[in-house]
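Residues per chain, in single letters:
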Amino acid sequence: MKQVWENLQEIRTAAPLVHNITNYVVMNTTANALLAIGASPVMAHAVEEVEAMVGFARALVLNIGTLSSAWIEAMLRAGKAAKARSVPIVLDPVGAGATRLRTDTVLRLLDEATPAVIRGNASEIRALCDSLAITKGVDSTDSVDSALEAAHKLVERYSLVVSISGPTDIIVGKEQVSRVHNGSALMTRVTGMGCTASALTGAFLAVEESPFQAATQAMVTMGVAGELTAVRANGPGTFQVQFLDVLYALDRAELEARARVEIR
Amino acid sequence: MKQVWENLQEIRTAAPLVHNITNYVVMNTTANALLAIGASPVMAHAVEEVEAMVGFARALVLNIGTLSSAWIEAMLRAGKAAKARSVPIVLDPVGAGATRLRTDTVLRLLDEATPAVIRGNASEIRALCDSLAITKGVDSTDSVDSALEAAHKLVERYSLVVSISGPTDIIVGKEQVSRVHNGSALMTRVTGMGCTASALTGAFLAVEESPFQAATQAMVTMGVAGELTAVRANGPGTFQVQFLDVLYALDRAELEARARVEIR
Amino acid sequence: MKQVWENLQEIRTAAPLVHNITNYVVMNTTANALLAIGASPVMAHAVEEVEAMVGFARALVLNIGTLSSAWIEAMLRAGKAAKARSVPIVLDPVGAGATRLRTDTVLRLLDEATPAVIRGNASEIRALCDSLAITKGVDSTDSVDSALEAAHKLVERYSLVVSISGPTDIIVGKEQVSRVHNGSALMTRVTGMGCTASALTGAFLAVEESPFQAATQAMVTMGVAGELTAVRANGPGTFQVQFLDVLYALDRAELEARARVEIR
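Protein chains in written order, with numbering that gives the first Met the number 0: chain A, 0 to 263; chain B, 0 to 263; chain C, 0 to 263.
There may be inaccurate statements among the hints.
[To be verified] Restraint ranges, calculated between C-beta atoms of paired labels, are given here:
hint, chain 1, residue 1, chain 2, residue 2, range
1, A, Leu131, B, Phe55, 43 to 51 Å
2, C, Glu72, B, Phe55, 43 to 51 Å
3, A, Ser68, B, Gly54, 15 to 23 Å
4, B, Thr12, A, Arg231, 26 to 34 Å
5, A, Thr167, B, Glu5, 32 to 40 Å
6, A, Ala13, C, Arg99, 48 to 56 Å
7, B, Val230, A, Glu111, 28 to 36 Å
8, B, Glu208, A, Arg231, 38 to 46 Å
[Said to hold, decoys possible] Derived, one-sided and incomplete: chain A residues facing chain B with beta-carbon distance under 8 Å:
hint, residue
9, Asn27
10, Ala97
11, Thr98
12, Arg99
13, Ser142
14, Thr167
15, Val240
No lab work stands behind these hints: they were computed from the structure.
Every residue gets a Cβ at the ideal spot worked out from N, C-alpha and C, and that includes glycine.
Just chain A, same shape as in the assembly:
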């Protein structure tokens, strides 16, 4: 199993192509985050070309942030093509639970595209589990505990990894759970930091065979970069910009000294 630094170096060296079908709000920032980390982003969503484009990619990122029927079709096609070619998929279920359209789209993608990782926040993960009517053993009132429980159900049902972002990021695999205690509160005041986490998860999946490791390492990279950025930023505007500078320049000493991960 490779460590986060080795994989980051491999991303920088190999510049793997990461195909994104993502929302309008974050296209620029996630493309820039992928470039800053060393990957090669492609944004393409036309139903006529997504299958061809996936053929060049080493990872596919599906993000439902600004959905419409043509985009759903494109995500399904790309997802199936990726599955057929063993291109690993990250699914970001933005707003799952808020509307039927979003929840249903995620469930279809889970069935038909078989993502390696879902990366969302606690309420999205809970909403997916609820919509599947997977009975919870204990009706937890604690939001993190209930999201964790929901994640375990999803992992079991879909054989994937669930990456829950929050003050502590929790990555749930079949046999292990990691907790990443990095990050900055300012990240919640910048649009699309979750989407960026999903994109970086795609970059790590491109170079790391274990989806559990890839998801964990992406969250460590996000969290450490977020901390380093928070020290120098004056607010959410400069944070968004300087975060890219930090990702670009992230060095081994900083990354390894700051990473606070528990894996059990």
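Once you've looked at the hints, dock chains B and C against the given chain A.
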């Protein structure tokens, strides 16, 4: 009637959800401006979900900057749902007058969605009035005067507030007119500052019952933040970013000391 | 023939309207780059309005970065309307060669819209030439040489100018070739710098009759601004933002002292 500082504090405390159906150019920057001010932005435009999404919102922002037929349909549906649920609407008639498609779309939205506030520049407001063939008493050659006259006609016909941005922002209500003498010339060199003004008007509408006050307070907040940003920015690039930092950190003393509003 | 500084001044004075039908990723950054240089950007893609909008424009920028069928139709309509009104067109063939959809779209636009300038990277230019099955005299193994050869074939066939961006930008006209030795490696780590180059080419076409000169001057402006930005930026995030500041403030002494162009 609450003051701008009280309402800004309420936005920060309550984090009202503001639903935006807006143009591609500014989605990232307006989402970030809403986050910076303390609101919770949602961007969603699928005809299948806009009505459901409006149900969670405390304000709806419709912006026609990059129009197409599917988006017009989404705006009409969201607008009607918002009307039915008394969710206040801000309409930004970007480019009204430039093409028939834009002007006609705005007129349909005025009829069917009944916005609380239209926020545009002088030429957009004049164009709307002209297209309605509302006869002007005096064919003013002064652009501000003719926009003001157009605004009064629109206010009368549609029972809404017209917020005209410019070197001096003019907000026209049924019984009062406010003039906001804040801002910076650099704001005209950054794309989407007008769209940001509309988004912030949405945030203020979410917490303030009077659309006239909400529109005025949003322009004061924009203008003061613009002045504070202009002092530190080196050009339009850093302006766009630092404007978010300033919005995020805006304090009572700065806001109240700098606000230059006349209400008559 | 006017020089780059004279044309930059004319852009700043006349603020020519540049109509862009471009990709979602770069809409904000290219609109801001056009504003920073002094032009007036319009982003509009609805089939119902593109022909009307072109009527106000002094240049049209077509960029296929995030294509779909409705956008192709819009580009064709806008392109034909621009041709009919002698509005000069820049075509950015993003990803040509990667998928059939992209290559075919570019070929249709070349036939039906007759752009004045194509601005792409070496592999896009080679891919276009290959797809036309224009036989190459020598099967060059050097990538720049083969792109240059491809460019000459395209120039001959379509009577346009080909602007190839790279470490050295090469602009190929019917009788002359210019080489621009400006720029910074950091530009490859910021998404959409190529798209920005295309947008600025549109701004120069709006004020300069010679497409060869306009394309060359746009690349000089990009390259010099890139060098000046690289000196102050801390990474790709601050680069993207400060590049706009530099464009906005670019003065004659800097521009002329740094420009390194050979024209033969």
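Hint by hint, here is what the structure shows:
| no. | hint | in the structure |
| --- | --- | --- |
| 1 | A:Leu131 to B:Phe55: 43 to 51 Å | violated (22 Å) |
| 2 | C:Glu72 to B:Phe55: 43 to 51 Å | violated (35 Å) |
| 3 | A:Ser68 to B:Gly54: 15 to 23 Å | holds (21 Å) |
| 4 | B:Thr12 to A:Arg231: 26 to 34 Å | holds (28 Å) |
| 5 | A:Thr167 to B:Glu5: 32 to 40 Å | holds (35 Å) |
| 6 | A:Ala13 to C:Arg99: 48 to 56 Å | violated (26 Å) |
| 7 | B:Val230 to A:Glu111: 28 to 36 Å | violated (54 Å) |
| 8 | B:Glu208 to A:Arg231: 38 to 46 Å | holds (41 Å) |
| 9 | Asn27 | holds (6 Å) |
| 10 | Ala97 | holds (7 Å) |
| 11 | Thr98 | holds (4 Å) |
| 12 | Arg99 | holds (7 Å) |
| 13 | Ser142 | violated (17 Å) |
| 14 | Thr167 | violated (21 Å) |
| 15 | Val240 | holds (5 Å) |
The structure shown violates the earlier hints numbered 1, 2, 6, 7, 13, 14.
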